[in-house]
Amino acid sequence: MKKWKHLLKTVMAVGVIAMTAVQICAAAEGTAQAAASEVTPVSISTNEIAGWPAGPEITSETGVLMDADSGTLLYSKGGDEIRYPASITKIMTLLLAVENCSLKEDVVFTETGTRDISWDSGNIGMQVGEVMSMRACLYALVIRSANEVAAQIAEHVGGTEQHFVDMMNERAAQIGCTNTHFVNASGLPDPDHYSTAHDMALIMREGLKNKKFRRIIGTTDYTIKPTNMNSESRVLHTHHPMLAPESSYHYDGCIGGKTGYTSEAGNTLVTAAEKNGTTYITVTMKAADLAVASTDSTALFNYGYQNFTKAQVNGGEVSVPNGVTVDNLTVQENSQNGNTVNDYYYNDYLLGSVEVPETTPTPEPAADALSDTSGGNTDQADQNEKSDTVGEEKTSAGMPKLRKILLIIGAAMLLLIIILSIALAKKEKRYYG
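FYI, my numbering numbers position 34 of the sequence shown as 34, with every residue one higher than the one before it.
Don't read these hints as lab results, they were simulated from the structure.
Hints should not be assumed to be uniformly reliable.
[Stated by the list, open to error] Listed next, with one range per pair, are the computed distances between beta-carbon atoms:
#, residue 1, residue 2, range
1, E57, D221, 29 to 37 Å
2, Q174, V108, 47 to 55 Å
3, Q332, T223, 49 to 57 Å
[Stated by the list, open to error] Derived pair list, reagent style DSSO-like, types lysine-lysine, alpha-carbon separation capped at 27 Å:
#, residue 1, residue 2
4, K209, K310
5, K310, K211
6, K275, K104
7, K212, K225
8, K310, K225
9, K211, K104
10, K211, K225
11, K275, K225
12, K275, K310
13, K212, K104
14, K275, K209
15, K209, K104
The beta-carbon is built from N, C-alpha and C at its ideal position, and this holds for glycine as well.
Go ahead and model the full structure; you've got the sequences and the hints to work with.
Take a look at the structure:
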């Protein structure tokens, strides 16, 4: 009996130890999960530049303000940190479409496009076999953020969706994106589909160079005409708060942009604005809602227009903080693609690169030209010289003839005088003799 009691006590003790161990592990796991769920604060790296205007404290996880002319970041809060882009991906889709096809082309919808239609994602309800112009597709892509249209554009332009995705990644690399990877044309969630605020600003900057891109990205309303499978018109209105004229978040000078949202990405927003000849681009990622994204973007635009100006440099201009002049900048010359480029720095921060204009050397005059005092065209001077010489020859040839005539006349008169003198002398001799 004692043995059984001892065995029971031993089992109970082991059980207590085991339960304690489980509780300790559970507590440790909970602590680890809590630590993992905490978002590491992101600093505003541009505030660390000596003499740089302090940037605003935006609430979006990451954000940038870019000078569209130079591509320089005037503000960066985690600008190179990877985030999910959501539907701002469609900026790249739009860029490739306008670069590789005509807006008049007909797009025939297949299962590639229609399979992405769902009640909880942006779409315009396209059907297999429905035909719509590329122009209408691109407006639906941007204004309605239609995911099925994005997929169909990809197949139409690239031949296959995958080839179009490859084109997206290749174009991103050409533009200078270093932390971007796309796996679809719409921005639907995928662990391998990511970008950064900096990279998205670079893509927007490239797009603004294209007139068709710029026009579509800035359109607030568009009506899609009836198609072969839909007898009703589809009316589209922009969801970009800073572009819509009636929105309380409307920003004067807004060129356009793109909104995005998924539960994983939060709210993302790309916007461009132009005032007084200066174009800025803002990108905010993982904002709590679209109102926050718009408020943050407005703060960034105001920060840029209030704290920076353009400085004229050799061959171009760069954005500098107010009060900074060209004399405060350092210049480093280098070569890019065979061209000489001046890099302009302010306190070791690159403000922009400007290509040095080529100077055409003045040709040295020929030896004969050095003695030419005509001051005019050489050929004309030669003609004048020949003309003067001919005139001189005419004059020198005419003067001796006149002298001869005068000499002959003078000689004849002299001879006549002599003859008359002799005759008069003879007459007088006869008279007196």
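These are the hints, each one checked on the structure:
Restraint check, E57 to D221: a C-beta distance of roughly 35 Å satisfies the suggested window 29 to 37 Å. Checked against the hint of 47 to 55 Å, the C-beta distance between Q174 and V108 comes to roughly 30 Å, which is inconsistent with it. For the pair Q332 and T223, the beta carbons lie near 53 Å from each other, so the given range of 49 to 57 Å is met. Our distance criterion of 27 Å between C-alpha atoms is met by K209 and K310, whose separation comes to about 20 Å.
Between K310 and K211, the direct Cα distance comes to roughly 24 Å. Compliance with the 27 Å bound is thereby established for this hinted pair. A threshold of 27 Å between alpha carbons decides the hint, and for K275 with K104 the separation of about 33 Å lies outside it, so the pair is violated. Between the alpha carbons of K212 and K225 the distance comes to roughly 20 Å, so the proposed pair stays at or under 27 Å and holds. Straight-line distance between C-alpha atoms of K310 and K225 comes to about 45 Å, which puts the hinted pair past the 27 Å bound.
At most 27 Å may separate the alpha-carbon atoms for a hinted pair to count; K211 and K104 meet this at roughly 16 Å. Restraint check: the Cα-Cα separation between K211 and K225 comes to about 23 Å, which is no more than 27 Å; the hinted pair holds. Between the alpha carbons of K275 and K225 the distance comes to roughly 35 Å, so the proposed pair goes past 27 Å and is violated. Taking the CA atoms of K275 and K310, the gap is near 12 Å; set against the 27 Å cutoff, the hint holds.
Taken as a hint, the K212 and K104 pair is honoured in the structure, with Cα atoms around 12 Å apart against an allowance of 27 Å. For the given pair, K275 sits about 17 Å from K209 by alpha-carbon distance, which is consistent with the 27 Å threshold. Distance restraint check for K209 and K104: the Cα-Cα separation of roughly 21 Å lies within the 27 Å cut-off, and the hinted pair is therefore satisfied.
Of the numbered hints given earlier, the model fails hints 2, 6, 8 and 11; all others are met.
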